[in-house]
Amino acid sequence: MIKAGQIDKGTALLIKGQPFICVEREFVNPGKGSAFVRLKLKSPATGQTLRETMKSQDNAEDITVEDRDCQYLYNDGENFHFMMTETYEQIEIPMTSFEDYQFIMKEGETYRVTFWEHLPLDIQVPAKVIFEVAEAEEAVKGDTVTGATKNVTTETGLVVRVPIFIKQGERILVNTETKEYLERVNK
Amino acid sequence: MNIQAIEERSELLCRMRSWFADNDYLEVSTPILSTHLIPEPTIANFATQYISEFHGSRELYLVPSPEVHMKRIIAETKRSIYQFSHCFRNREQIGSHHNPEFTMLEYYTVGADDEDSIAITEELVARTALAGTPESILPPFRRMTVAEACKRYAQFDLDTTQSVAALRKEATRLGLSVPAQPESWEETFNRIFLNFVEPNLPQDRPLVLCEYPKQIVCLAKEIPGRPYRRRWELYAGGIELANCYDEEREKTKVEAYYREQYAILASQRSVSGEVIPDIDTRFPEIFDASFPQCSGVAMGIDRLLMLQGRHKTIGDLILFNVSDMMADG
Numbered sequence: 001m002i003k004a005g006q007i008d009k010g011t012a013l014l015i016k017g018q019p020f021i022c023v024e025r026e027f028v029n030p031g032k033g034s035a036f037v038r039l040k041l042k043s044p045a046t047g048q049t050l051r052e053t054m055k056s057q058d059n060a061e062d063i064t065v066e067d068r069d070c071q072y073l074y075n076d077g078e079n080f081h082f083m084m085t086e087t088y089e090q091i092e093i094p095m096t097s098f099e100d101y102q103f104i105m106k107e108g109e110t111y112r113v114t115f116w117e118h119l120p121l122d123i124q125v126p127a128k129v130i131f132e133v134a135e136a137e138e139a140v141k142g143d144t145v146t147g148a149t150k151n152v153t154t155e156t157g158l159v160v161r162v163p164i165f166i167k168q169g170e171r172i173l174v175n176t177e178t179k180e181y182l183e184r185v186n187k
Numbered sequence: 188m189n190i191q192a193i194e195e196r197s198e199l200l201c202r203m204r205s206w207f208a209d210n211d212y213l214e215v216s217t218p219i220l221s222t223h224l225i226p227e228p229t230i231a232n233f234a235t236q237y238i239s240e241f242h243g244s245r246e247l248y249l250v251p252s253p254e255v256h257m258k259r260i261i262a263e264t265k266r267s268i269y270q271f272s273h274c275f276r277n278r279e280q281i282g283s284h285h286n287p288e289f290t291m292l293e294y295y296t297v298g299a300d301d302e303d304s305i306a307i308t309e310e311l312v313a314r315t316a317l318a319g320t321p322e323s324i325l326p327p328f329r330r331m332t333v334a335e336a337c338k339r340y341a342q343f344d345l346d347t348t349q350s351v352a353a354l355r356k357e358a359t360r361l362g363l364s365v366p367a368q369p370e371s372w373e374e375t376f377n378r379i380f381l382n383f384v385e386p387n388l389p390q391d392r393p394l395v396l397c398e399y400p401k402q403i404v405c406l407a408k409e410i411p412g413r414p415y416r417r418r419w420e421l422y423a424g425g426i427e428l429a430n431c432y433d434e435e436r437e438k439t440k441v442e443a444y445y446r447e448q449y450a451i452l453a454s455q456r457s458v459s460g461e462v463i464p465d466i467d468t469r470f471p472e473i474f475d476a477s478f479p480q481c482s483g484v485a486m487g488i489d490r491l492l493m494l495q496g497r498h499k500t501i502g503d504l505i506l507f508n509v510s511d512m513m514a515d516g
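Chains as they are written, first to last, in our numbering: chain W, 1 to 187; chain R, 188 to 516.
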């Protein structure tokens with residue numbers, strides 16, 4: 001058992017016998033009232049989303065999970081295909097549960113995957129990732145307004161809003177949660 | 188650091204000060220480090236130690252709101268007053284709408300009631316809004332009573348569900364799991380409100396949600412003969428932006444509030460080990476016959492800036508916020 005107030009992003013819970021992963025959490029104190037936590041939970045098996053608001057002191061059933069290294073191979077439009085690096089066993093994870101990960105994960109890279117018994121529940125992507133700029137619009141000449149931005153596309157297909165000085169072939173650091181540009185990487 | 192956010196704050200505060208001056212409000216400045224606090228069981232406090240060789244050390248507290256000091260000023264001056272105050276709420280979880288320290292605009296209008304405060308707040312927001320503020324954050328405000336919202340979004344009659352048992356039945360009907368151990372009417376109400384009502388409130392315009400249940404105890408006047416208080420909350424962009432009372436000014440009622448809420452606070456916190464602040468037991472004495480009719484509004488300025496400037500989180504507006512500082516070690 002876990003107190004609802006301790007549930008964080010990535011916490012695995014059992015709700016009516018089904019495993020769910022917390023994907024969003026926000027605290028609310030209605031009208032100066034006592035503390036509540038508003039959760040968005042996702043079922044990795046079905047992609048089903050559940051919204052629930054509980055008192056911070058309420059109990060919830062958490063489940064013991066285990067992280068394993070898995071190499072991301074490819075996606076077929078429906079599932080992500082991974083290989084567990086320890087056993088070479090291949091697994092599939094439905095893409096519906098992790099919609100935007102196809103634009104963040106790089107083929108051939110290893111990620112930590114959270115398992116509940118044999119069921120993969122969650123894919124952990126780093127909070128900040130370096131991408132290469134695969135496509136970039138040319139900056140308009142004479143456009144020197146401070147803070148001017150443009151869109152670029154990374155090698156994974158992620159579209160990011162960046163300052164106009166970023167060129168094709170350069171590398172950028174991106175916040176994977178907000179998809180926001182953080183800085184240019186000069187190495 | 189978000190430079191634009193710094194400029195927006197400076198601009199908004201400047202406009203608001205000018206509006207308050209034009210409307211004959213006095214700007215006041217009250218302590219954020221205080222010897223006494225108002226008893227509010229649901230708001231955890233910060234305490235620190237004052238060290239004095241002469242007077243002996245004592246505990247001081249960071250204020251969760253400037254309410255009690257401002258009411259003392261009203262008692263003396265009988266004037267409308269306002270203040271931008273830093274407020275502190277412990278246990279407040281850090282999130283996209285919360286930081287343990289935040290800026291509150293609190294304004295009290297002498298001679299006004301909660302109804303007048305709606306018009307005053309509409310005028311204030313309309314006259315001071317930053318350029319580019321989304322329509323959904325601007326007046327006119329929609330109005331709905333809490334009872335209407337419960338009927339519309341959770342299909343129950345709040346007038347007839349004033350007992351713990353009746354409300355619990357509604358919560359169960361709605362599919363909520365209410366814990367076996369007894370909980371207060373207010374807690375069950377909040378479960379229903381947060382799961383079914385609040386997420387469905389219209390967001391195309393700000394919404395004044397008025398007539399809060401009497402069983403949610405506060406220093407707003409009760410509506411005679413009905414189980415509600417003269418209190419409203421302003422929702423904008425789906426979040427609570429301001430809270431308004433027709434201020435209770437009957438001395439015996441303020442005394443009862445202090446006595447009862449302090450007893451609840453002390454009993455809860457002696458178990459949890461949280462700070463039990465000193466209470467100014469003489470505070471109710473300011474409510475003699477000369478204390479003027481007034482209505483007070485407390486507005487979250489960081490949230491207002493977030494909504495007006497289309498920022499995603501409050502973290503852009505609160506510089507050096509606790510979340511960022513903790514992340515940096």
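Do not take every clue at face value.
Straight-line C-alpha distance at most 30 Å; calculated BS3-like pairs for lysine-lysine [claimed, not checked]:
#1 W:167 <-> R:499
#2 R:499 <-> W:40
#3 R:408 <-> W:3
#4 R:338 <-> W:179
#5 R:338 <-> W:16
#6 R:408 <-> W:55
#7 R:401 <-> W:42
#8 W:32 <-> R:401
Sample of chain W residues at the chain R side, in silico, Cβ under 8 Å [unchecked claim]:
#9 26
#10 30
#11 32
#12 33
#13 34
#14 68
#15 118
In short, the hints are calculated from the structure, not lab data. Quick reminder that beta carbons are idealized off the backbone N, C-alpha and C, glycines included.
Hints, verified against the model:
1. W:167 <-> R:499: holds, 27 Å
2. R:499 <-> W:40: Given pair residue 499 of chain R, residue 40 of chain W holds - Cα atoms ~18 Å apart, limit 30 Å.
3. R:408 <-> W:3: violated, 36 Å
4. R:338 <-> W:179: violated, 40 Å
5. R:338 <-> W:16: holds, 28 Å
6. R:408 <-> W:55: Since the Cα atoms of residue 408 of chain R and residue 55 of chain W sit roughly 28 Å apart, the hinted pair holds (cutoff 30 Å).
7. R:401 <-> W:42: violated, 37 Å
8. W:32 <-> R:401: holds, 14 Å
9. 26: Interface hint status for residue 26 of chain W: holds (5 Å vs cutoff 8 Å).
10. 30: holds, 5 Å
11. 32: holds, 6 Å
12. 33: Residue 33 of chain W check passes; min Cβ-Cβ to chain R is 5 Å, inside 8 Å.
13. 34: Where the cut-off is 8 Å and the nearest Cβ of chain R is about 5 Å from residue 34 of chain W, the hint holds.
14. 68: Nearest chain R Cβ about 27 Å off; hint violated.
15. 118: Violated, because the Cβ-Cβ distance from residue 118 of chain W to chain R comes to roughly 29 Å (cut-off 8 Å).
Checked against the numbered hints listed earlier, the structure breaks hints 3, 4, 7, 14 and 15; every other hint is satisfied.
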